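Modelling step: build the complete structure from the supplied sequences, incorporating the hints.
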Amino acid sequence: MPSSSLVPTRRELLLGSSALFAWALVPGKARAEGRDPRLLTIVLRGAVDGLAVVAPVGDPDWLKLRGDKALTLEGQTPALPLDGFFALNPAMPNLHRLYQADQATIVHAVATPYRERSHFDGQDVLESGEVKPGAVDTGWLNRALGALAPGERVDTGGRQAFAVGPIAPLVVRGPAPVLAWVPPRLPPVGDETTMRLLDLYNHTDPALARALEERNGLAAIARAGGMTSEPDDDRPALQIGGIEQVRKYFSEAAGAAAKFLARAEGPRVGALALDGWDTHVNEGVAKGRLANLLGALDGAISEIETNMGDAWRETAVVLITEFGRTARINGNDGTDHGTATVAILAGGALKGGRVLADWPGLKETDLHERRDLRATTDLRAVLKGLLKDHLGVDEQALVMNVFPDSLAVPPTSGLLA
Amino acid sequence: MEAKPDAPPPTPEKVPLPRQLFRKEAQAHFDAAINAEIGLVERLVWFWSNHFCVNADATVMAGGFEREAIRPHVLGRFEDMLLAVECHPAMLLYLNNEQSIGPESVAGINRDKGLNENLAREILELHTLGVRTVYSQADVTNFAKVLTGWTVLPPVSNPDHGGEFAFLGRAHEPGIQTVIGNAYAEGGVAQGRVVLADLARHPATARHVATKLARHFIADDPPSALVERLTQRYLDTDGDLKEVTIALIAASESWVPEQSKIKRPNEWIAAALRATGEPGDIPRILQASNLLGEPLWRPPAPKGFSDDNAAWLDGLGQRLEIANAFAHREGLSHEPEAVMETALGPLASTETRSTIARAESRPQALTMLLMTPEFLRR
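Note that the protein sequences, when read in sequence, are chains W and C.
The numbering of the first sequence is our numbering, which starts it at 172 and goes up by one.
The numbering of the second sequence is our numbering, which starts it at -9 and goes up by one.
Honestly, the hints are just simulated from the structure, not real lab data.
As the structure is a computational prediction, the values presented were derived from the model and not from experiment.
Among the hints, erroneous ones may be present.
Claimed, not checked - A short, non-exhaustive set of chain C residues, derived as facing chain W with CB atoms under 8 angstroms: (1) Leu303; (2) Leu306; (3) Gln354.
Quick reminder that beta carbons are idealized off the backbone N, C-alpha and C, glycines included.
Written out as C-alpha cells, the structure reads:
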C-alpha cells in the first residue's frame, strides 16, 4: 500500500485517536544508511503479569505454582505455542502470527533496575531510564533523540517533532522538541478504577456505593463475575461493557500513532501509554479481564501493522511495563505487585520468532524474595540494543545520557533482522 | 469583585457578543472561586446567587446580576441584597416584571395590557417569606400592583441607558396597597421599596433564610436548634448576613467530622481545580457543569438548583467520567498524594489513603482522589 494513502487528514486524526502519545525527531544516521526506521514505544501502566502473557508451559513447576489459573496448551482456551517451552496467551492471535512470521520477539524474566513495588516510582524508573525514581523529568526516548548529533537529524522544511496528548508520557518528554497534539477523546473509565472506587465506597460510604452500583448496573456484574465466581464460568467476566470501549481506544490510539509514523515526512519515534493492567482481583488470565485487555492490545498491534503499511518493514514496536506481578495467585484470584515480567517487541524490522530468556525457574528458592519471578535480563539492555541498532544511537551516548549508570548493562545485540 | 479587564477578544466576529459576555462572566465567577484564599465568601456568593437565581436564557445579564446585586451584599444586610436583586434588570426580565402594567395606571387604561404576578409571587414564595407561609393570593396580586412600573429601559430607544432599571410612573398602579396586613401608601417606586424592607424584616423570611443556609452548609435536614439560632440571630441583627454567617460558623453543627453534604457539581469542579492548581479552561468547565446537571446560571426553575444530596447522587457516574477525563489530561503532572494532602489533609481516611497509594497510575490515582467520599462530600 502506498504510504501516501495512509497520510491521515486532520479530520481523521481529530476524530481518530485518543491516546497519550508523542514523537520526536528523525534519526538521520540511519537514514543516511538507506534505512528509515520507526520506533514506537507503548508503556503498559499498571504492571503486566508477564507469566499470564507468556506462560512457561514447559517448566515442571508451572502448574504447581498457578494451579488451575495456569495457562496450558490444553483445555477450553489453550495457549498458543511459541517455542516448546513458552506459550502465548490465547487472546493474542495477531501477536502469535507475527511471532510465527519472525516479526515478534518476547523477552522474558526482564525488569528495570527498580526493585520496590510502587507503581508511580516503577513507572518513573521505566520511563526516565534512571536507576532511581524521581531523578529527572525527562525520558530515555527523548534523550536518545537528543543523543543523535544535531547534524544527523533530519529536520528540514521546518518539520517539528510531534506528540499527542496535552501531557506526553515521561518516556518521550525532554529537551528534544516534542509537539503535542491533544486528542479529542480520552480513555474510558477503566473497570478497574470503578471496582476500586466501589470497594472504597463499600468500606466507607454505602450511599455512594449504592449510587455507583445503580449507575453502572454493577451489582449484577459483581455477582456474576465478581468475588465468588470461578474464572472458567460461562458467566460474564468482570467487565461493565467497557471492554468494547477499551478495545476501540487501544486500537485508535495505537493506530493514529502508526499513521503519523508511516508518513513519508512524519515523525519516526513515538510513545503512548495504555493503562489498566493492575490485576489484583479476578485477573481473568484466559477468560476475563486480563484476557480482554490482552485482546485489546493484540488488536492495537494489528492496527499498527495495518496503518504502517510499507513502513512496517522498518518498524519496531516495543511494549514495556513498570514491573511484573507475584508468581502465585493471591487470595482474590489476582496477582500482586512483583518484579520480572515480559517485554514484547513487534515489527517488520525485527529478527523475531524468538523468546529471549535466561529462565530463572519457578521453584520457591528460584523466586525473587520467594514470591516474584526473578529478573535475569535488564530491560535497559534490550532498549539500548534497539536504540543502538535500530535508530543508530551512539553506544557511549546510551551510557552517558540515555541510561545513566548502565555501563555494566551492554546493549542486547541481534534484535534486528 | 469586578470581572477582570480583558484584552479585546481575538475573534469577536466569530463568537456572538452575548456568548462572549457569558464566557467572561463565567470565567470571572470560577476564577474567583478557584483563586480564593479562603473559599467561604465565594461559597456565600454561590449560595445567594442560587437563592436569587436568574436564567441566562432569559437575560445576557446573569453574570452581571451576580456581580452587581449579590456579591456586594453577601456579608451585608439582607434588605440591601433584596432591593438590589428585585430592581436588577436581569431579575425583572427573568420574572417578567418589565411588562407588568397596573390596570388603573395611565398605560393600563390606554392599553389593553395588565398585571404580571410572576415576580411578586416568587419574591414572596422563594426570595423572602417562603412557600405556604403567611401570604395569600390577594397579597400576591397587591404586591404585583406595587411593583408595576419597575421595568427595564428598552435599548433600542435608549442608546445611553438602555438595559438599565427604570421606574415608569405611567405603568404604576396608583393607590394604597395592602400586603400581609400592612397598608402601603402610594409613593411611586418608594412604595415597593418599603414593602421589600418590611418583607426583609419579617420573621418568616428570617426562618426561610436560616433554613436554606443551614440546609446548604450543614445538612439536608438541618437540626432545628441550629435553624432556631440562625433565625434569632437574623432577627436580632435586622438581617445582617455577616452576623448570621458568623453564627453559622460558630455553630457546633458546622464542626462535626461527618461530611454529610455532597458537593454540588460546580463546587466539585472548583474543588478539583483548587486541589490541583490547574487554572481551568472555561469551555471545559461549562461543558462539565452542563453534563453534571448544574449548568451555570441556567437553573431549571426560579427555585434554583436543589440543595438535597439525592438530587446529585444520580450524577455520580458522570462525575467519574469527568474525573477520568480531567485526570487523563492533567494527571501525569501531579503527585497524587500531594494533591490529596492539599485537598483532604486530615480528612482522608486510611482506606482512602491506601486506595490512592495503590493506584496503578497517576491518572487513575487522581481520578479516584476526585471520587473519594471525602472529596465528593463536604
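Going down the list of hints, with the structure as the test:
1. Leu303: 4 angstroms, holds
2. Leu306: Constraint on C/Leu306 satisfied, holds at 5 angstroms.
3. Gln354: Check passed: Cβ of C/Gln354 comes within 5 angstroms of chain W, closer than 8 angstroms.
Hint compliance for this structure: no hint is broken.
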